[in-house]
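S.K.: Given next are the chains, with one letter for each unit.
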Amino acid sequence: MSAGARAGAEGTGARAGWLIRGVRPLGGEPADIVIEGSLITEVVRAGQATRAAGRDLATCEADGLIALPGLVDLHTHLREPGREDAETVASGTAAAALGGYTVVHAMANTEPVADTAGVVEQVWRLGREAGHCDVQPVGAVTAGLDGRQLAELGAMADSAASVRVFSDDGRCVADAMLMRRALEYVKAFDGVIAQHAQEPRLTEDAQVNEGEISARLGLVGWPAVAEEAIIARDCLLAAHVGSALHICHVSTAGSVEIIRWAKSKGWRVSAEVTPHHLLLTDDLAYGYDPVYKVNPPLRTAADVAALREGLADGTIDCVATDHAPHPGESKETEWSIASFGMTGLETALRVVHEAMVNTGLLDWSQVADRMSVRPAAIGRIGRIGRIGRASGHDWTSGHGWPVAAGSPANIVLYDAAQVAAVDPAAHASRSRNTPFAVMKLPGQVIATFLRGRPTVLDGRLVR
Amino acid sequence: MNRHLISAADLSVGDATGILDTAEELARLAERPIPKLPTLRGRTVVNLFYEDSTRTRISFEAAAKRLSADVINFSAKGSSVAKGESLKDTALTLQAMGADAVVIRHSASGAPHRLAEWVRGSVVNAGDGTHEHPTQALLDAFTMRRRLGRLSGLRVAIVGDILHSRVARSNVWLLQTLGAQVTLVAPPTLLPVAVDTWPCQVSYDFSAVLPSVDAVMMLRVQHERMTQAYFPSVREYSRRYGLDSDRMELLPPHAIVMHPGPMNRGVEIAAEVADSPRSTIVEQVTNGVAVRMAVLYLLLGGSAGAEPAAAPAVAPAIAAASRVGAAR
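Heads up: the protein sequence lines correspond to chains G and L, in order. Heads up: the first sequence runs through residues 1 to 463, numbered per our numbering. Heads up: the second sequence runs through residues 1 to 328, numbered per our numbering.
In isolation and in its complexed conformation, chain G is listed as follows (with noise of 0.2 Å):
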């Protein structure tokens, strides 16, 4: 890497762009990707970049590196407005740019709701101040995620976030009522509603994946059927409507057989997976260490296989991180008593490489796919130009393109060589609870550019 190499605001740098050099795109054969402005201009075999001659360009030297395209993630939480305390839209963001995302979208459940066009401006606005990458709002469905009215989802999306992503996610849209409603309302504006498949009936107080771990535990039982249900029956509301539904943090081999079939019918389904249910497993709670507490729970191998095997062969759309930062407290304590989640944004790309690229299962091209182009087509944010009625906010957009000129510059470069324990004190997010620490990962985020502006450069943040 040039090390010496200056990252300069966006349009107003010091260089014309950057030369990244000897880098393979898509962990393909070694070339030169040269980015002018916000585009990338030229990508060609290595040595032979025609673009670069008398241009002021800064160099990156980037051997033996793989380019992908600026990671997308659907299923963030940022916490800001209310939890600052657990992460920041700076701090979460940060955390997203050393992790190779370019955009994540930012869920509902802060306090308060972002259920109204006010609360998703704010939260736009404060991820293009914190500048590491964009942030998209995702709104609620229902107002303060109480399910019972719908939120104003029209007011949301002609905001100047443009919100196209819905999602009570925390809590399911448990009525079917309300969630046919929500389903039929959102095609006005080509929305999709992201639903946290959870049948709360069949979840009071449920801790740990219900089977052999549970029964042993002497924990609440969360059944694969709680989640399974709830996606048979949406899948059958918006085949009935003929709207978009996205299912969040899918986790059992059951669920991907449902989707399975409800891609097969032609269905507007998609659906994403995170990477702790890709490489954990419910056994991990022995011991009652809540790092691993979870929601969705972590389930069994069988389910393992059968995620990685639906995302393998694109049943399951993407993958999500879920990233769910809490203060230590609310992890150092009785199991029944934590809080669910884990943080994922710094370690979902090294996490997939171990899950899905170590085993054969996908190539870094597919990888490529299911971390950025997909997500970024099911979260509307792949076009360029205006989107929405507001006006000058064609920044938010341009996510998911391929590393061609052309393109966006919105390029990772990560280091698949490496292999390192992951350090939860030297990650960015304000929060450690982290389920992989201590674990040993393949791979290092290096760089990441966001419109040709390098947010991170050597595995560190620029500022």
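These are computed hints drawn from the structure, not numbers from a lab. Heads up, some of the hints might be wrong.
[Claimed, not checked] Covered stretches of chain L (in silico footprint by chain G; criterion: 3 or more residues with CB under 8 Å from a CB of chain G, positions within the stretch not fixed):
hint, stretch
1, 99-109
2, 128-135
[Unchecked claim] Derived SDA-like pairs (lysine to any residue); straight-line CA-CA distance at most 20 Å:
hint, chain 1, residue 1, chain 2, residue 2
3, L, Lys-88, G, Ala-426
4, G, Lys-263, G, Asp-313
5, L, Lys-65, L, Glu-25
6, G, Lys-265, G, Ala-229
7, L, Lys-88, G, Ala-229
8, G, Lys-331, L, Asp-89
9, G, Lys-331, L, Ser-107
10, L, Lys-88, G, Arg-432
Every value quoted in this text rests on a predicted model; they were computed, and no experiment measured them. C-beta: ideal position from N, C-alpha, C; glycine also.
Put chain L on the given structure of chain G with help from the hints.
M.R.: Positioned in the frame of chain G, the structure of chain L alone reads:
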């Protein structure tokens, strides 16, 4: 033996037998004019009870005092786990006060595991949520061995709310270790979904099981299970899974009836059954003190700083303890 007693599943045959043998020696102590040993003099045992359980607390208190330990009762009931001082801060406080052992009763499964990470002393699980209650299982095994002469090959039925019972869990693991054959009897709603992975038989038919058991252990069933639709009514539960005198007639002549208490007379057990000669319910309470003495003795007595107990009265117990050591 491990430094802690948190799960009956952690006990080897040697550990468990050692505890029972030591308890046997210590039980004899109770017959002496001054039923007290100096073994744990100068050691501090804290009873940390987050749930009301007078019987278990006084049993541990009596056990510790008969071994001459200093006992501190810390009742955290009322300072709810969700608010007030956290378990971690309480643990650090107890650590600072120099607790050699913490006996913990808590409504959250796994609380003793967490506590063991934060204190240096031994942790004894006196019942955690719906997880385990290992000293109850040990005193049940002790009672069965005394009454029936052996544990290996014994056929034991455990009847009632298995799903929510820490007593059932500890008994399943301990009796499996000691070679007994366990049959769990309950309506399907009150069994864990993965009960087929446990080392025991399962039956929904109480009467069919009774003729072939040596001991039947009745569990308390809580009325609120009815409102959670685990069964239609207390009456129906009692008819299908209660032990009344008619059902008791189905037992072999030598079989015993056990209950960890407190009982719901007329629900899971009829009064005439509870008071019959087959019932070991009062003995279980008595035996609880000896078993808990043995546990404290073996966890604390052998470590550095213990009084070299040289009085003749304790010699048999010491001998028993060294046998446990050999079996480690």
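S.K.: Take the hints in turn and mark each one as holding or not.
M.R.: Hint-by-hint comparison with the structure:
Remark: the stretch 99-109 of chain L is confirmed as covered by chain G, as 3 of its residues place a Cβ nearer than 8 Å to a Cβ of that chain, reaching the required three. With 5 residues carrying a beta carbon less than 8 Å from a beta carbon of chain G, the stretch 128-135 of chain L meets the three-residue requirement, and the given coverage holds. With a CA separation close to 25 Å, the supplied pair L/Lys-88 and G/Ala-426 exceeds the 20 Å bound. Proximity of G/Lys-263 to G/Asp-313 is assessed by CA-CA distance (about 12 Å); at most 20 Å being required, the pair is judged to hold.
Straight-line distance between C-alpha atoms of L/Lys-65 and L/Glu-25 comes to about 17 Å, which keeps the hinted pair within the 20 Å bound. Using a Cα cut-off of 20 Å, the hinted pair G/Lys-265 and G/Ala-229 holds, with the two alpha carbons roughly 18 Å apart. The suggested pairing of L/Lys-88 with G/Ala-229 is violated, with an alpha-carbon distance near 38 Å, which exceeds 20 Å. About 13 Å separates the Cα atoms of G/Lys-331 and L/Asp-89, which keeps this hinted pair within 20 Å; it holds.
Distance restraint check for G/Lys-331 and L/Ser-107: the Cα-Cα separation of roughly 17 Å lies within the 20 Å cut-off, and the hinted pair is therefore satisfied. Of the pairs offered as hints, the one joining L/Lys-88 and G/Arg-432 holds, with about 18 Å between alpha carbons and a cut-off of 20 Å not exceeded.
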